[in-house]
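Just so you know, the protein sequences line up as chains A and B, in that order. Residue numbering for the first sequence follows my numbering, starting at 71 and increasing by one per position. Residue numbering for the second sequence follows my numbering, starting at 8 and increasing by one per position.
Do not rely on the hints blindly, as some may be mistaken.
Below, simulated DSSO-like cross-link-like pairs (lysine-lysine); rule was C-alpha separation at most 27 Å, straight line [as the list claims (entries may be wrong)]:
id, chain 1, residue 1, chain 2, residue 2
1, B, 219, B, 104
2, B, 219, B, 209
3, A, 175, B, 104
4, B, 219, A, 334
5, B, 153, A, 173
6, A, 302, A, 143
7, B, 71, B, 153
8, B, 162, B, 147
9, A, 135, A, 308
10, A, 143, A, 308
11, B, 219, B, 295
12, B, 104, B, 209
13, B, 147, A, 176
14, A, 334, B, 104
15, A, 308, B, 162
16, A, 176, B, 295
17, B, 153, A, 308
18, A, 302, A, 135
According to the in silico footprint, chain B covers these stretches of chain A (three or more CB under 8 Å from chain B) [stated by the list, open to error]:
id, stretch
19, 97 to 109
20, 289 to 301
21, 310 to 322
22, 327 to 335
For the record, the hints were derived by calculation from the structure and aren't laboratory data. Because the structure is a prediction, the values reported are computed rather than measured. Glycine is no exception: its CB is placed at the ideal position from the N, C-alpha and C atoms.
Chain residues, written in single-letter form:
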Amino acid sequence: MHKRSLATNIFLLFLPLLILLLFILFPFYWTFITSIKPEQELYTRVLTYWPQAPTWQNYRDLFVKFDFVEPIKNSLLVAAMATIVSLVVSLLAAYAFSRFEFKGKKIFMVMFLTNNMFPTVLLLIPLYTLMRQLGLLFTPASLVLSYTTFTIPFSVWLLNGYLHDLPHSLEEVALVDGANRAQAFLRIILPLMIPCLIATGVYIFMTSWNEYTFAVMFTNADNRTIPVALKKMVGQFKIEWGLLTAGGIITIIPVCTMFFFAQKRLVEGLTAGAVKG
Amino acid sequence: MKRKRPYLWPYLLIAPALLIVLTVVFYPIINTISMSFQNYNLLQPKRIGFIGLDNYIEVLTNEKFWVSLWKTIVWVVAGVGLQFVFGFILAGLLNNKFPLRGLVRSVSLIPWVTPGVLIALMWTWMYDGNSGVLNDLLLKVGLVDKAVPFLAQAKTAFPAVILTIIWQGIPFFALMILAGLQGIPGELYEAADIDGASGSQKLFRITIPSLKNTLFVTTLLRIIWVANSVDVIYNMTSGGPGYATSTLSIYTFVEAQSLNMGYASTLSLMLTLVLLTVAIPYLRNMFKAQEN
Numbered sequence: 071m072h073k074r075s076l077a078t079n080i081f082l083l084f085l086p087l088l089i090l091l092l093f094i095l096f097p098f099y100w101t102f103i104t105s106i107k108p109e110q111e112l113y114t115r116v117l118t119y120w121p122q123a124p125t126w127q128n129y130r131d132l133f134v135k136f137d138f139v140e141p142i143k144n145s146l147l148v149a150a151m152a153t154i155v156s157l158v159v160s161l162l163a164a165y166a167f168s169r170f171e172f173k174g175k176k177i178f179m180v181m182f183l184t185n186n187m188f189p190t191v192l193l194l195i196p197l198y199t200l201m202r203q204l205g206l207l208f209t210p211a212s213l214v215l216s217y218t219t220f221t222i223p224f225s226v227w228l229l230n231g232y233l234h235d236l237p238h239s240l241e242e243v244a245l246v247d248g249a250n251r252a253q254a255f256l257r258i259i260l261p262l263m264i265p266c267l268i269a270t271g272v273y274i275f276m277t278s279w280n281e282y283t284f285a286v287m288f289t290n291a292d293n294r295t296i297p298v299a300l301k302k303m304v305g306q307f308k309i310e311w312g313l314l315t316a317g318g319i320i321t322i323i324p325v326c327t328m329f330f331f332a333q334k335r336l337v338e339g340l341t342a343g344a345v346k347g
Numbered sequence: 008m009k010r011k012r013p014y015l016w017p018y019l020l021i022a023p024a025l026l027i028v029l030t031v032v033f034y035p036i037i038n039t040i041s042m043s044f045q046n047y048n049l050l051q052p053k054r055i056g057f058i059g060l061d062n063y064i065e066v067l068t069n070e071k072f073w074v075s076l077w078k079t080i081v082w083v084v085a086g087v088g089l090q091f092v093f094g095f096i097l098a099g100l101l102n103n104k105f106p107l108r109g110l111v112r113s114v115s116l117i118p119w120v121t122p123g124v125l126i127a128l129m130w131t132w133m134y135d136g137n138s139g140v141l142n143d144l145l146l147k148v149g150l151v152d153k154a155v156p157f158l159a160q161a162k163t164a165f166p167a168v169i170l171t172i173i174w175q176g177i178p179f180f181a182l183m184i185l186a187g188l189q190g191i192p193g194e195l196y197e198a199a200d201i202d203g204a205s206g207s208q209k210l211f212r213i214t215i216p217s218l219k220n221t222l223f224v225t226t227l228l229r230i231i232w233v234a235n236s237v238d239v240i241y242n243m244t245s246g247g248p249g250y251a252t253s254t255l256s257i258y259t260f261v262e263a264q265s266l267n268m269g270y271a272s273t274l275s276l277m278l279t280l281v282l283l284t285v286a287i288p289y290l291r292n293m294f295k296a297q298e299n
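Bound conformation, chain A alone (with noise of 0.2 Å):
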């Protein structure tokens, strides 16, 4: 590239990028003006762009009145169990297929990989009535089992990835120095497979505690995850804008101090699929 000139930068560069960046991020700082505002600040003719009074008082009723501490309670279970679950199988399943030839891998491996592609509606009729059935229904079990079905397919084909790229010569030299494929596995794949396994984690955790339209359906009030909770706050005579729009700050502060820490390692394992092809 060669150098442009600073008129150029700015008109074609800096500004449409100001724009974007503009539209990307006014939303999340009108949310968090909106839950520092007092009460009579919210509604009144003439919008102030920074509060008057600037408050922590939602944030204090959305613990004090609304008990937000249960759903935050309920996400965490829910995503942390997803996201061990789908770890788990995940990483033994993308193993397989990295390391070993057998008969049928094609078949399961595209088995695996498309079923993410179902519309969520379509198998959220079916998991209701087999919930139903186990006596599942309104409890934590229910999301964990219906979020594997997208958690799944997305961790065997980045962990998949990533093993790919791993040079198999790595574990040949444990096993011809004697250890079995469990060692091999063990001592040498795994520790080095640590960072790659907390971005597929974060990415799992992260759709886990996000996710809306099977956790509104599969909860009752007794387990009711965040998502559901703050949507929950739209349903009482009007709505509390204030406080949900602290419960909305405190949603996602985890998830973007996560994806920030891990985000490297998943962009890239993300894109490498689509890229290289």
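Please arrange chain B on chain A, whose structure you already have, making use of the hints.
Frame of chain A; chain B shown alone:
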């Protein structure tokens, strides 16, 4: 050290994942197909039973189905199309060197990690007819002379939810395209510069052909996700006012919520059929990739 029966290992390793997938994906799909031929309303459990093609006939003769199908097409074409355009622009901008680029890139991905429900609620609040910031801005600039209740009137509700899904999807496109752009060797552009190629020639002769596969895969994936998306529209308008924002996913979800499972199953199978037209080229591409 002797590996006895090494051929058993791979099957054992995939067994747990396979078992889960069979239970929560394949068995349920067969169940959906079976339910689509039944009167299966959980609110009337005594009347559950096979009714042949009745659900299908009801779906196909219901005007709401055809309206929803059309809404799905507009939703996907406008939503994904503009995500593509803005994602491409953002990726192109982020591909330049400038201070704080890493931070800007991370920050611009935030909509992608935000829950759909929250996105829906944030935008509902901005679109609000009384205290919404969007109306305030439009009034200040003078683009409207009285506040517009965006989500409450049929004319504006659909464009409003489409704008929201565009906002949600830009980061993913930008992310994928940026990775593609960074994979194009710089020498290609240098050679083009020497030959005196113009900016648009470089775009159409180098950039787009090199990104072909990325664009193809990303767009198909996005089409499937956007068509399946429930949370954004449902939490903004529940498909209303009237059927104004009722895509097939929303229509199905609303029926499922009222526990009318037989009819909802038929609807969801229709949606699946529509999506197969997109999924087949994607699968073909994936098969090819597996073979290499």
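Numbered hints the structure breaks, given as an ascending list: Violated: hints 3, 5, 7, 13.
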